[in-house]
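Participant: Listed below are the residues making up each chain.
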Amino acid sequence: MHYEKAMEMRKKITILLLLSGLVLALLPLSANRSFIVKPGKLLSEILNPEVSLTADQVAKLIVNEDSTTRLIDLRSPEDFRKLNIPGSVNIPYNDFISSDLYIYMTDKNVKYIFYSNSDFYSNYAMVFAKGLGYKNSYVMKGGLNEWFNTVMESKFIGQRISARENALYETRTKAARLFTQINSMPDSLKAKFIASNKFSARKLDGGCE
Amino acid sequence: MNTLKKYGFVSAIFLILLLAVIYKSFSHSGFRYDAPKLAAPSFQGSNIITAEQIPGLQNALIIEMNNSDALKGRYNEITLKINPDSILERNNFRKIEKCKGPVILVSSENSIAARMWMLLSQKGLKNIFILSEDKDFEVLKKKFRPDSLSMPEHI
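Chains as they are written, first to last, in this note's numbering: chain A, 781 to 989; chain B, -8 to 146.
Don't read these hints as lab results, they were simulated from the structure.
One thing to keep in mind: the hints can contain errors.
Said to hold, decoys possible - Per label pair, the in silico range of CB-to-CB distance:
| id | chain 1 | residue 1 | chain 2 | residue 2 | range |
| --- | --- | --- | --- | --- | --- |
| 1 | B | Ser99 | A | Ala943 | 28 to 36 Å |
| 2 | B | Ile4 | A | Ile816 | 23 to 31 Å |
| 3 | B | Leu71 | A | Pro857 | 36 to 44 Å |
| 4 | A | Glu830 | B | Asn50 | 22 to 30 Å |
What the hints assert, rightly or not - When the alpha-carbon atoms are kept at most 20 Å apart in a straight line, the in silico PhoX-like pairs for lysine-lysine are as follows:
| id | chain 1 | residue 1 | chain 2 | residue 2 |
| --- | --- | --- | --- | --- |
| 5 | A | Lys972 | A | Lys862 |
| 6 | B | Lys117 | B | Lys86 |
| 7 | A | Lys821 | B | Lys133 |
| 8 | A | Lys970 | A | Lys862 |
| 9 | B | Lys91 | B | Lys114 |
| 10 | B | Lys89 | B | Lys117 |
| 11 | A | Lys821 | A | Lys954 |
| 12 | A | Lys840 | A | Lys935 |
| 13 | B | Lys28 | A | Lys862 |
| 14 | B | Lys132 | A | Lys862 |
| 15 | B | Lys117 | B | Lys132 |
| 16 | A | Lys935 | A | Lys954 |
| 17 | B | Lys63 | A | Lys970 |
| 18 | A | Lys935 | B | Lys134 |
| 19 | A | Lys935 | B | Lys132 |
| 20 | A | Lys862 | B | Lys133 |
| 21 | B | Lys63 | B | Lys126 |
| 22 | B | Lys86 | B | Lys72 |
| 23 | A | Lys935 | B | Lys133 |
| 24 | B | Lys126 | B | Lys28 |
| 25 | B | Lys89 | B | Lys72 |
| 26 | B | Lys89 | B | Lys114 |
| 27 | A | Lys818 | A | Lys935 |
| 28 | A | Lys891 | A | Lys840 |
| 29 | B | Lys28 | B | Lys134 |
| 30 | B | Lys126 | B | Lys86 |
| 31 | B | Lys114 | A | Lys818 |
In this text the structure is predicted, and so the values were computed from the model without any measurement.
For each residue, glycine too, the CB sits at the ideal point set by N, CA and C.
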């Protein structure tokens, strides 16, 4: 009698475990990398004009060496090596989308500003990051093409300049000079400079070594 | 019936577990799971088309946002004007969802179209494209001259 009861219990537990295993096997993969922000809220966040910074605003951040911002260059490593905005780090777009963002966007107090050559990659990345809960995501409008138009090709035309225009022109000139200096370095020096600016993989806490 | 009674306890636990898994699987705030996979068409620009490609598309739907004049009044019969801030409204979203062919996002700003593309793709919509006048996808149009303060030249 006692034996039959024990067998009955074992059968039930076996069936429960088998069914649980089946259910777990049907679990969707990568469920932890799905957007967590509600669609309506995400839409209003990405349409907020404040997520988009102009080239002038980025130039000012660079000239002021603003430590509360971090520029992320989404282009290929080859393009990044040829030229990049001073202070930026390179995360190729494909890598950015495929990786766990907590590796890169570790500091909640920092504004992460994405840029690429134009508007596509940077805006995709910004929405992607915001969707995953990284609210501190921004874009540089127009990318490097706009950077060249606005900052590198800055010219003052006219006889009189207002104080505001003067300040703007000065910032652009400083940013352009910095851009030229950094990107004119010999390859060996540039490689060292870039290496010092790289993201390092976030170290895992605990676990076996 | 006797079997069901016999394994009632097991069935109840299984049912609760199954419901919990289904809820967890499908309640990602209205977005589908595996965000990187849904973003994949954006990697090489395969989600971008030009105006010349539109005639070759069947059952296409054009979503015109921000009063873009990229198409210059062409294809009015397959065009819907939807502002970006109302793209998720039920009626608008259903029209996009029900489209049997490609959905083409048109905007005066590539940035807006790109953002909407990512948003809609993550909602699980496939066959979404961005209309771009520029065939060159993410190309730097300026040339940088090192060791010089002269103006960069156009490529």
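Participant: Hey, Lys91/B versus Lys114/B, does the alpha-carbon distance stay inside 20 Å?
Facilitator: Cα-Cα ~16 Å, so holds.
Participant: So does Ser99/B sit 28 to 36 Å from Ala943/A, Cβ to Cβ?
Facilitator: Since Ser99/B and Ala943/A have Cβ atoms about 33 Å apart, the given range 28 to 36 Å holds.
Participant: Under the criterion that the straight-line Cα-Cα distance not exceed 20 Å, is the pair Lys935/A, Lys134/B satisfied?
Facilitator: Holds: Lys935/A and Lys134/B sit about 18 Å apart, inside 20 Å.
Participant: Going straight from one Cα to the other, do Lys935/A and Lys954/A come out at no more than 20 Å?
Facilitator: holds (13 Å)
Participant: Under the criterion that the straight-line Cα-Cα distance not exceed 20 Å, is the pair Lys862/A, Lys133/B satisfied?
Facilitator: holds (13 Å)
Participant: If you draw a straight line from the CA of Lys970/A to the CA of Lys862/A, is it 20 Å or shorter?
Facilitator: holds (9 Å)
Participant: Below or equal to 20 Å on CA atoms is what counts here, so check Lys935/A against Lys132/B.
Facilitator: holds (19 Å)
Participant: Could you grab the alpha-carbon distance between Lys89/B and Lys114/B and see if it respects the 20 Å cut-off?
Facilitator: holds (14 Å)
Participant: Using the Cβ atoms, figure out if Leu71/B sits within 36 to 44 Å of Pro857/A.
Facilitator: holds (41 Å)
Participant: Check the hint pairing Lys818/A with Lys935/A against an upper bound of 20 Å on the C-alpha distance.
Facilitator: Violated. Lys818/A to Lys935/A sits at ~45 Å, over the 20 Å cutoff.
Participant: When you check the alpha-carbon spacing of Lys972/A and Lys862/A, does it fall within 20 Å?
Facilitator: Given pair Lys972/A, Lys862/A holds - Cα atoms ~14 Å apart, limit 20 Å.
Participant: Holds or violated: are the alpha carbons of Lys89/B and Lys117/B at most 20 Å from each other?
Facilitator: holds (11 Å)
In the structure shown, a violation is registered for the earlier hints numbered 4, 7, 11, 13, 15, 17, 24, 27, 29, 30, in ascending order.
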